[in-house]
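First residue of the sequence shown: 1, per the UniProt record's numbering; consecutive thereafter.
FYI, nobody ran anything at the bench for these hints, they're computed from the structure.
Warning: the hint list may mix true and false statements.
What the hints assert, rightly or not - Label-pair distances were calculated between CB atoms; the ranges are:
(1) R165 - G8: 19 to 25 Å
(2) Q219 - R3: 29 to 35 Å
(3) A15 - D35: 18 to 24 Å
(4) A15 - R184: 22 to 28 Å
(5) A15 - L123: 29 to 35 Å
(6) R220 - V187: 38 to 44 Å
(7) S2 - V126: 29 to 35 Å
(8) M194 - T110: 37 to 43 Å
The beta-carbon is built from N, C-alpha and C at its ideal position, and this holds for glycine as well.
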Amino acid sequence: MSRRAIAGTVFGACAIGAAAHLLSQLVAPESAFTDVSQWFLMPLLAAGLALVTSAPRSRLVVSTLVALGFSWLGDTAPDLVDGDASFLVLVGFFLCAQLTYIVGFLPYRTASVLRTRPWVVGLYAVAVVAILAVCVSAAGILVVPMAVYASCLAAMAILATGVSRPAAIGAVLFVVSDALIAVRAFVDAELPAMGFWIMATYIAAQALIVRGVLTAHDQRVLQTQ
Numbered sequence: 001m002s003r004r005a006i007a008g009t010v011f012g013a014c015a016i017g018a019a020a021h022l023l024s025q026l027v028a029p030e031s032a033f034t035d036v037s038q039w040f041l042m043p044l045l046a047a048g049l050a051l052v053t054s055a056p057r058s059r060l061v062v063s064t065l066v067a068l069g070f071s072w073l074g075d076t077a078p079d080l081v082d083g084d085a086s087f088l089v090l091v092g093f094f095l096c097a098q099l100t101y102i103v104g105f106l107p108y109r110t111a112s113v114l115r116t117r118p119w120v121v122g123l124y125a126v127a128v129v130a131i132l133a134v135c136v137s138a139a140g141i142l143v144v145p146m147a148v149y150a151s152c153l154a155a156m157a158i159l160a161t162g163v164s165r166p167a168a169i170g171a172v173l174f175v176v177s178d179a180l181i182a183v184r185a186f187v188d189a190e191l192p193a194m195g196f197w198i199m200a201t202y203i204a205a206q207a208l209i210v211r212g213v214l215t216a217h218d219q220r221v222l223q224t225q
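Modelling step: build the complete structure from the supplied sequences, incorporating the hints.
This is the structure in structure tokens:
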């Protein structure tokens, strides 16, 4: 069986795991299965990406693999601590993921909206301000790390527009997912099936970013042949 065939199987397992996790978010959001099923999603996505590419991997692919690793830590490590510390651990590891994505996406900045449509950058700035506005009244000392994280998230999303369309869409969904987390954490309101929507947008975001990275990777391979 070829590496791509194995990768297809791994991506399929990730899709099945994601579907099972999202169903569990709807029917039993507090169950152990809901927690445990989340732990396997990013490793499967990373394994598929690693299998479908080969060494020496590009900076973009390596950065994406590392970012998925930090995302996995963000998915799992907060379960080991309680209270504000749990949220800080989550933000810390996902901040590392965003910074790593930025490193990978930075070479594509000339094709991003920074150069092609600078006015779009303002929309991302509005998203950052909106997230912070949600957080500021209740976040207390967490406002500073949230401001840093939101700024890095916006920078990642802006640079993703230069990688490929799937990566750009995935980055926007990442912003949506994190905005929902901010609402749940800092606003006294719980939207219906909040956990489902947070995870649905998060999983789709990561999957689309990986798809977009593979699109850019394949285009680069064709250009070098």
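Broken hints, numbered, in rising order? 2 and 7
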